[in-house]
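Peer 1: Chains A and B, in that order, are what the protein sequence lines are. In terms of my numbering, the first sequence is residues 1 to 174. In terms of my numbering, the second sequence is residues 1 to 258.
By construction, these hints were calculated from the structure, which means they are not laboratory data. Note that the structure is a prediction, hence the values are computed from the model and not measured. Beta carbons: idealized from backbone N, C-alpha and C, even for Gly. Hints may be right or wrong, so weigh each one.
[Unchecked claim] Derived CB-CB ranges, DEER-like:
1) B:Asp123 / A:Arg138: 39 to 49 Å
2) A:Asp37 / B:Gly255: 30 to 40 Å
3) A:Thr68 / B:Tyr253: 25 to 35 Å
4) A:Ile61 / B:Ala256: 17 to 27 Å
5) A:His6 / B:Ala187: 47 to 57 Å
6) B:Gln226 / A:Tyr104: 45 to 55 Å
[As the list claims (entries may be wrong)] Listed below are the simulated SDA-like cross-link pairs for lysine to any residue, each with C-alpha atoms no more than 25 Å apart in a straight line:
7) A:Lys146 / B:Asp44
8) A:Lys146 / B:Ala40
9) A:Lys162 / B:Glu42
[Unchecked claim] If you want the footprint, here are the derived chain B segments under chain A, 3+ residues with CB under 8 Å:
10) 38 to 46
11) 54 to 66
12) 127 to 133
13) 136 to 149
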Amino acid sequence: MQAPAHPDTDQVWRWLSEVPDPEIPVISLTDLGIIRDVQWQDDTLVVTVTPTYSGCPATSIINLDIETALRERGIDKLRLERQLSPPWTTDWLTEEGREKLRAYGIAPPIDGTAADGVLAGRIARLAGTSNLTVACPRCGSTHTEKLSQFGSTPCKASYRCKDCLEPFDYFKCI
Amino acid sequence: MAAAAPATGTVAQAEWLQRVGDNCLILGHRVSEWCGHSPALEEDIALANTALDLIGQCQLWLGLAAEVEGKGRSADDLAFLRDAGAFRNVLLVERPNGDFGQTLMRQFLFDAWHHEFLKALSDSSDPRVAEIAAKASKEVAYHLERSADLVVRLGDGTEESHERMQKALDALWPYTGELFMADAVDAEIAAAGIAPSPDSLKDGWLRTVKAVLDEATLAVPAEGWQHKGGKKGVHTEHLGYILAEMQFLQRAYPGATW
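Make the full structure from the sequences, and use the hints.
Peer 2: Spelled out as structure tokens, the structure:
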């Protein structure tokens with residue numbers, strides 16, 4: 001239990017679950033799984049955030065959004081810390097977050113495929129086409145093809161559905 | 001500024017971290033030159049994303065280099081305020097972009113090394129190095145998958161694309177040797193268990209490269225003269241032009257932010 005002087009960490013987590021990802025605003029920062037820890041150190045709130053991609057330009061915006069959201073709720077002593085290890089993987093995306101992505105038209109990452117072993121396997125095959133079956137977020141067909149490894153943001157690849165013919169983004173596993 | 005000289009290990013470590021960061025920075029900048037000029041939209045986006053990953057990794061490496069150096073400089077200071085002679089990247093990454101095939105071949109030869117290198121660093125005795133490597137390694141796996149795929153498509157493509165890829169390979173091959181040459185800094189880093197000696201990565205690199213080139217119907221060049229110097233700050237004339245563009249703003253308007 002926290003002293004009544006400041007909101008407890010559960011409350012802070014709820015507030016953070018209302019902060020949207022700046023690039024994919026249908027999911028929140030907690031859906032994305034990038035908030036590692038929230039704790040009070042004396043009268044300072046410390047929020048630990050992990051980056052998705054090293055060069056993700058949204059990282060600084062995310063930090064700013066967290067700060068803005070918490071200051072608006074009256075938290076003025078705040079420190080953000082970066083934690084690299086263990087590195088973020090798409091397996092940290094919540095179930096709810098995956099559903100929101102699908103409904104928005106982005107195929108969510110396939111469960112559990114972010115493990116290093118799978119990546120290593122892919123590298124070993126080199127130059128082959130992807131062995132992952134990505135379902136079209138619009139019609140559900142698995143008859144899809146990869147157009148490009150990199151989509152509109154580093155975290156997405158471009159796909160096309162061969163049944164409904166719609167192009168779509170796939171939130172790739174990393 | 002503290003008068004005491006830093007421990008010798010730290011000097012070598014800062015030097016080594018600058019090498020790692022500068023490779024990412026210069027290649028990232030080179031690749032970003034394609035933004036808006038690629039032959040297809042998807043390739044333009046892919047190249048820009050690759051550049052972005054590399055610049056992001058560079059921020060982590062140079063941030064650590066600056067911290068280890070302990071002279072109060074930041075990653076930005078290292079990137080924007082050093083002159084060519086202070087850069088420690090290998091010559092391969094400053095090679096001009098040439099045509100699309102040449103850019104992709106350079107990327108592939110680098111990615112294949114980068115992937116081996118980062119895998120090995122995941123076991124580094126320095127946890128700060130290991131955690132950056134673990135993060136970057138996942139991104140580089142995608143770089144390698146893509147560049148290898150395109151080398152195969154273009155190598156085993158039309159007569160013209162095949163010819164261009166072979167030419168690119170022959171021209172870039174003499175710049176790959178530097179990735180595996182060890183000097184006193186590397187020896188000290190290896191002895192401290194921070195990173196393996198560069199030459200120990202060659203077999204793994206060659207395996208990947210040969211497998212892909214074989215599938216691409218390209219001939220692996222014979223062993224021959226290999227250029228070196230970048231790791232010690234002796235660069236080709238191309239680096240100066242890169243820095244002139246990359247550093248212009250901070251040089252002309254010191255401390256500018258937006």
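Peer 1: Please check whether the stretch 38 to 46 of chain B has three or more residues whose CB lies within less than 8 Å of a CB on chain A.
Peer 2: Since three or more residues must qualify, the claim that chain A covers the stretch 38 to 46 of chain B holds, with 4 doing so at under 8 Å.
Peer 1: Tell me if the beta carbons of Ile61 (chain A) and Ala256 (chain B) are separated by a distance inside 17 to 27 Å.
Peer 2: Hint holds: Cβ distance 20 Å, inside 17 to 27 Å.
Peer 1: Just to make sure I understand the rule, a stretch counts as covered if three or more of its residues have a C-beta closer than 8 Å to a C-beta of the chain. Does the stretch 54 to 66 of chain B meet that for chain A?
Peer 2: Since 6 is at least three, the answer is holds.
Peer 1: Mind checking the alpha carbons of Lys146 (chain A) and Ala40 (chain B) for me, to see if they're no more than 25 Å apart?
Peer 2: Distance of about 15 Å is within 25 Å: holds.
Peer 1: Looking only at beta-carbon atoms, does the pair Asp123 (chain B), Arg138 (chain A) fall within the given range of 39 to 49 Å?
Peer 2: Between Asp123 (chain B) and Arg138 (chain A), where Cβ atoms are some 44 Å apart, the hint holds.
Peer 1: At the C-beta level, are His6 (chain A) and Ala187 (chain B) separated by a distance inside 47 to 57 Å?
Peer 2: 53 Å, holds
Peer 1: Examine the stretch 136 to 149 of chain B for residues whose CB is less than 8 Å from any CB of chain A, and state whether their number is three or more.
Peer 2: holds (count 10)
Peer 1: Does Glu42 (chain B) lie within 25 Å of Lys162 (chain A) when you go C-alpha to C-alpha?
Peer 2: Given pair Lys162 (chain A), Glu42 (chain B) holds - Cα atoms ~18 Å apart, limit 25 Å.
Peer 1: Does the Cβ pair Gln226 (chain B), Tyr104 (chain A) satisfy 45 to 55 Å?
Peer 2: 50 Å, holds
Peer 1: Is it true that Asp37 (chain A) and Gly255 (chain B) lie within 30 to 40 Å of each other by Cβ?
Peer 2: The hint (30 to 40 Å, Cβ to Cβ) holds, given that Asp37 (chain A) and Gly255 (chain B) are roughly 34 Å apart.
Peer 1: For the stretch 127 to 133 of chain B, do at least 3 residues have a Cβ located nearer than 8 Å to some Cβ of chain A?
Peer 2: holds (count 4)
Peer 1: If I claimed the Cβ atoms of Thr68 (chain A) and Tyr253 (chain B) lie 25 to 35 Å apart, would that claim hold in this structure?
Peer 2: 28 Å, holds
Every hint from the earlier list agrees with this structure, and none is contradicted.
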